[in-house]
Every structure is written in C-alpha cells, then in structure tokens.
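For reference, the chains in residue letters:
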Amino acid sequence: MKEQTNLWEIFYKGLFEQNPIFRLALSLCPALAVTSTVVNALAMGLSVMFVITANNVVVSIFRRWVNPKVRVPVYITSIATIVTVVQLTLQAFFPVLFKELSIYLALIVVFAIILARAEVFAMKNTVIPSFFDGFGMGAGFTGAMVLIGAIRELFGSGTILGIPIMGDWYDPALIMVLPPGGFILIGLMIAAFNIMGEYQDKLKETKAAISSQDAIQRGEA
Amino acid sequence: MGEYFTLFMGAVIVNNFVLTRFLGLCIFFGVSKNLNASVGMGMAVTSIMTLSSILAWAVYNFVLHPFGLTFLTTVVFVVLIASFVQLLEMIIKKHAPALYNMWGIYLVLIATNCIVLGVPLLNAESNFNFAKSIVHAVGSGVGFALAIILMASLREKLQYADIPKSLEGLGIAFILAGMLALSFFGFSGMIPL
Numbered sequence: 001m002k003e004q005t006n007l008w009e010i011f012y013k014g015l016f017e018q019n020p021i022f023r024l025a026l027s028l029c030p031a032l033a034v035t036s037t038v039v040n041a042l043a044m045g046l047s048v049m050f051v052i053t054a055n056n057v058v059v060s061i062f063r064r065w066v067n068p069k070v071r072v073p074v075y076i077t078s079i080a081t082i083v084t085v086v087q088l089t090l091q092a093f094f095p096v097l098f099k100e101l102s103i104y105l106a107l108i109v110v111f112a113i114i115l116a117r118a119e120v121f122a123m124k125n126t127v128i129p130s131f132f133d134g135f136g137m138g139a140g141f142t143g144a145m146v147l148i149g150a151i152r153e154l155f156g157s158g159t160i161l162g163i164p165i166m167g168d169w170y171d172p173a174l175i176m177v178l179p180p181g182g183f184i185l186i187g188l189m190i191a192a193f194n195i196m197g198e199y200q201d202k203l204k205e206t207k208a209a210i211s212s213q214d215a216i217q218r219g220e221a
Numbered sequence: 222m223g224e225y226f227t228l229f230m231g232a233v234i235v236n237n238f239v240l241t242r243f244l245g246l247c248i249f250f251g252v253s254k255n256l257n258a259s260v261g262m263g264m265a266v267t268s269i270m271t272l273s274s275i276l277a278w279a280v281y282n283f284v285l286h287p288f289g290l291t292f293l294t295t296v297v298f299v300v301l302i303a304s305f306v307q308l309l310e311m312i313i314k315k316h317a318p319a320l321y322n323m324w325g326i327y328l329v330l331i332a333t334n335c336i337v338l339g340v341p342l343l344n345a346e347s348n349f350n351f352a353k354s355i356v357h358a359v360g361s362g363v364g365f366a367l368a369i370i371l372m373a374s375l376r377e378k379l380q381y382a383d384i385p386k387s388l389e390g391l392g393i394a395f396i397l398a399g400m401l402a403l404s405f406f407g408f409s410g411m412i413p414l
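These protein sequences, in sequence, are chains V and B. Numbering of the first sequence is given in the working numbering, commencing with residue 1 and proceeding in unit increments. Numbering of the second sequence is given in the working numbering, commencing with residue 222 and proceeding in unit increments.
For reference, chain V alone in the conformation it holds in the complex (with noise of 0.2 Å):
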C-alpha cells in the first residue's frame, strides 16, 4: 500500500508541482513552436512522454554498468535512439503529422527536461519508480501542450480540434497561432501559475498558523 501511495506521489509531482513547462520553464521551444492546432501539441507531447519514459527505464536497468564519467553521453545516445523510433514510426503511420512537426521531432533529443531526469532521478532509482517519474513528467508535459494549443487554436482560428466552437459572430485572433501570440500567453500562464503558486503557500501558512495556534490555547488551557 505504502509503495502504491509514493508511485502516486512520484507520478503526481510532474503534473503540477514541478510541471515541466510552467514551474521548471523546461523545453519551452517545443511548447512554442508546435502548439497552434491542438493535434500537434498532443502529438509532441505523447512523443515527448514516450521518449522521456523510455529513456528513464533503459537508464535505470544500465546505471550499473556506466562509469559516471561517461554518463552525458551514454544518455544522449540512448536518447536520440529513441527519438530515432518515434521518428521513423511516425513517418510510417503519420505521414501528414511527422511534416508538421518536421523539424522538432528531432530536436527532442536535445530536450533539458529528459536529460535531467535521467541524470537527477533513473540514475539513482530502480526501474518501477523510474517509470512512474518519466511517466509524471511526461503526462505533466502533454497537459501543459494541450492546454496551450487549445487556446491558441480556440482563439486564434476558433476551433478546438478542428471543429468550430465559437462561431459565426467570432472573428479569429490570427496573432494566437502566430509565433508572437504564442510568446505573449506564456508569459501570461507562467504569471498565472507564480500566482497559483504564491495562494497555495499562502494558504499552507495560514493553516500551520491556525494549528500552531490551536496547540498555544491548547498548552494555556
């Protein structure tokens, strides 16, 4: 049971506590480049969760065997091994699909996220949690994408998956899906989440306040 509830919590983390996008401002090109339509954004970010999931169990069977001087590059090569499947499964499957991400498949490989989890987390686990971390991680990611392309597609062409949502009276914000659009509501959701981020702490003060409180009237009593 125990084990259960810290697989949860080591899942759990990449969601939001240490998103990848919003909190640790990882991989951000990505999460620019690919999120105008929200099929592309989930594409990447699937593509992205497997290769970081993938990367963390093979670095975590093999850490005993890798001298640490040479770990960078034992990393980096697992990687973009990885990254070489989903490519070339892609273009089989998903032709249309591979030529709109074109370019930024590839550079998955040199993504700071995957490369820091194998260094600060399948290098010193087991395989289960490592999975469970790469798998957080990577669901954390896939989120944060969908949830930018879907505004970016909802405002900037009205649709969400292709399908018209606003309609007639709505006249597209076409900034939204251009590049500089795409900046600007970063920007905004990082305020957002710092905002979040501050209520939360927030409020975690006023409760151990309250109970530190509570044990003072309680000592008096």
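Since the hints were derived computationally from the structure, they do not count as laboratory data. A virtual CB, placed ideally from N, CA and C, is assigned to each residue, including glycine. The reader is advised that the hints may include incorrect statements.
Computed beta-carbon distance windows for the label pairs [claimed, not checked]:
no.: 1; chain 1: B; residue 1: F288; chain 2: V; residue 2: V96; range: 40 to 46 Å
no.: 2; chain 1: V; residue 1: T126; chain 2: B; residue 2: F226; range: 38 to 44 Å
no.: 3; chain 1: B; residue 1: K315; chain 2: V; residue 2: F94; range: 31 to 37 Å
no.: 4; chain 1: B; residue 1: T227; chain 2: V; residue 2: P164; range: 35 to 41 Å
no.: 5; chain 1: V; residue 1: Q213; chain 2: B; residue 2: N257; range: 48 to 54 Å
no.: 6; chain 1: B; residue 1: H286; chain 2: V; residue 2: T89; range: 19 to 25 Å
no.: 7; chain 1: V; residue 1: P95; chain 2: B; residue 2: F288; range: 44 to 50 Å
Use these hints to put chain B onto chain V, whose structure you have.
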C-alpha cells in the same frame, strides 16, 4: 549571388531562429539578463554553428547519404556536435586560456542545444550545397545574436520598471519576446522563401 543574399537575409530577419522558429529559447531567456554576456553568447553561437554545420555537411554528404544511412542522421549529428564542442573546449583551454576565460562557459552551454543541432538538420533536410549551408549557418547565427542583444538591452532597461510581482522574471521576459517577435513579423513577405 542574389540567391545567397536572400538566404542570408531570410535567416537573419524573416525566419529568425529565436523569434519565429523558437529554437535556442533556453539560452535566449537564460543569458539575456546581461548585455555583455549576450554579446559573447551571440558570437559563440555563430561560430560554433558555422563550424558544426561544415562538419555535419561533410558527414552527411560523404558518409550518411552515399551509404543510405540517412535514418541515422539524428543520432549521428547529436553525437558529432556534442563531441566536437567538447573537443573545441579542450583545445581552447590548452592553447588559448585567455579566450577560454572569456568564452569557455558559453561553450559548455551550447554543447547540446537545439539551435546548434537545428541548423545542420535543416541544412540536411533542404539538401543545401556546401556554400548554402555555410551562408545559412552564418545567417542563423547573426539572427540569433541580433535577437539576444536586442532582448538584453530591453531587459536591462526593464530592471528599473515597476511591474506586477507575478510577472517578474520569466513572465515579463516572454511578453517582451512576444513584442519583439511581432516587430520582426513585419518583415515577413519582404523576402519570398
């Protein structure tokens, strides 16, 4: 000649790597707090990118393409560029310590960076010849330097501005980059690509 000029200007302004293709954002936001560091970074990226493009062009056209190994492009380019930058760092450290003190730290940061990997990949994808690869790489580097220097000058001014607490740091930097991207967007259509 005109073709090369178009390619160069296109890479510098219209298809600016940072502001319209979103490559190299990590260094763009990380280093642009300081103007001097930004100038250094811009020059380091331009030179590394040109050198690694030459190297990658040779490997792609003499090894990968003739032997039908193009599916290995990603793996080979990553390992090639990362090890090349490491090697360069060692050589500079040994033979030009003064230069190393100035640029060394940037070299470490660029070793595995999407902009340095992205240009050789784009060159390979668009089947550029040798001269075009170099022009494209230099243009992209100059474009990166231009963007990061502009951004650093803006951010240094911003230090004296009174901005909402939640927007401080990265938030306002992104919005600023959006404005910058908007102004670069005015150039699109100037050069047909």
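(message) A range of 35 to 41 Å was offered for this pair. Does it hold for the Cβ distance of B:T227 and V:P164?
(response) Once the Cβ atoms are compared, 38 Å apart, the range 35 to 41 Å for V:P164 and B:T227 holds.
(message) If I claimed the Cβ atoms of B:F288 and V:V96 lie 40 to 46 Å apart, would that claim hold in this structure?
(response) violated (29 Å)
(request) Using the Cβ atoms, figure out if V:P95 sits within 44 to 50 Å of B:F288. (result) violated (24 Å)
(message) Taking the Cβ atom of V:Q213 and the Cβ atom of B:N257, is their distance within the range 48 to 54 Å?
(response) holds (51 Å)
(request) For the range 31 to 37 Å, tell me whether the beta carbons of B:K315 and V:F94 fit it or not. (result) violated (48 Å)
(request) Determine whether the Cβ-Cβ distance between V:T126 and B:F226 falls within the hinted range of 38 to 44 Å. (result) For V:T126 and B:F226 the Cβ distance comes to about 57 Å; the hint is violated.
(request) Given the hint of 19 to 25 Å, check if B:H286 and V:T89 actually sit that far apart at their C-beta atoms. (result) holds (23 Å)
Of the numbered hints given earlier, the model fails hints 1, 2, 3, 7; all others are met.
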